[in-house]
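K.L.:
Work out the full structure, taking the sequences as your base and the hints as a guide.
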Amino acid sequence: MRRCILLSLSLWAVASGCVLTEDYNPPPEAKLRSPETGTFFVGDSLVLEFSKPINPDTLVVQVWPGELDLENELIADAPLLANCTTASSPCGTATFTLSEDRMEATLTLDPAGLGQADVPYALEVTDALRGEDGVKRGVPAWFNFQFKPARPDVSNNGTNNGTGEPIEFEDGVYIVVGTIMDPLPATLNLVTDMQVLSDGRLAFSGAEGDEIEGAAKNTANPEELTIDAGPEGFAILGYGTIVLSDSGERFLESEPLLVELKLGPIIVALTDLRLTGKVFLNEATGHDKIEGTISFASVVVTINDNPTEYEAGSTTFVADWVAPELVPEGTPMVCGEVCGVVTGVCNPPADFPAEEFCLPEEEMMDEGVME
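So this note's numbering is basically just the index in the sequence shown, starting at one, shifted up by 18.
Hints are computed from structural coordinates only; laboratory data are not their basis.
Please read these numbers as outputs of a predicted model, since none were measured by experiment.
Idealized CB from N, CA, C, for every residue including glycine.
Any given hint could turn out to be false.
What the hints assert, rightly or not - In the PhoX-like style, the derived pairs of lysine-lysine whose C-alpha atoms are separated by at most 25 Å in a straight line are:
| hint | residue 1 | residue 2 |
| --- | --- | --- |
| 1 | K296 | K307 |
| 2 | K154 | K235 |
| 3 | K280 | K235 |
| 4 | K49 | K70 |
| 5 | K154 | K49 |
| 6 | K154 | K70 |
As the list claims (entries may be wrong) - Cβ pair distances, simulated, as ranges:
| hint | residue 1 | residue 2 | range |
| --- | --- | --- | --- |
| 7 | C376 | G110 | 47 to 55 Å |
| 8 | D41 | A368 | 18 to 26 Å |
| 9 | G354 | H305 | 38 to 46 Å |
| 10 | E91 | N322 | 27 to 35 Å |
| 11 | F298 | E250 | 18 to 26 Å |
| 12 | M121 | T361 | 14 to 22 Å |
P.N.:
So, in structure tokens, the structure goes:
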């Protein structure tokens, strides 16, 4: 199946200088409400919000497998949940309801089925959607989502998450790959050094990786990526934690940060960007792997010094560990050149990295931050 990525009407208007007349009656727009933490957890409902009251007979949703090919198009030929409406609900084990004001719809998926953790999905609102005034949208709306296991409560766990055992994590460089669809399609290839202390504290420093000629935009092959050292390059630096669930699963969560991307004359700022995900051993490679969600509180698109703010969003990501000999030259390092070769945007937090991340091994043992 091929999916067309469309710029939103408002972004097109800003980019082209088009002025919409007062007589223009826009079609209903749909958006997926972002959860407060930026992450959907197992058991959460998916809430669609509409820009105007909709005709309930035209509201049809489908859920697709979220895997993408090298051209960022859905691989699947058929949805997992097809043509679900509020009138036909329940749709199998899924329920779908519409609010009385017809401005909000709620889709709840069975945690034992489509609501299970760590599986990427795509939610489609089909092109049949019309407002109650009859104006038709005419194109589908797409939203990536993925549920994560219920976040463990570690508020009272203390050091080492209350287990007395060190948090295991394979330090080193990971290539984080995610694709943002709205309001402007962009693929993130973040070549990122991650260092974790035994108590789960995380420091990371990474940079945009540009694919070499002929490589896919969403490549995770380190031999097909170079660090962008030009004015459009950017770095991400920050902190986070890795915690353990009661079953021993590892869960990564970064602190919020600001990421700026330059796409030619367009500047895209992702505010309060967070990475959350599950860390697990990839049996195929024998190394750690991370799968999760990139979420952000807002997107600010600036064209010709005119900023336009868009609402929260999220997308799935995967991150694979990279052998040291394959790390692209100029990659930022937590305990080295924190910006690497990046000359564009690189704004480390004050006193980054914290001293304990880069102590000599003997001192780390003495300080109890290394087992």
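K.L.:
Please name the hints from earlier in the document that this structure breaks, with their numbers sorted from lowest to highest.
P.N.:
2, 8, 9, 11, 12
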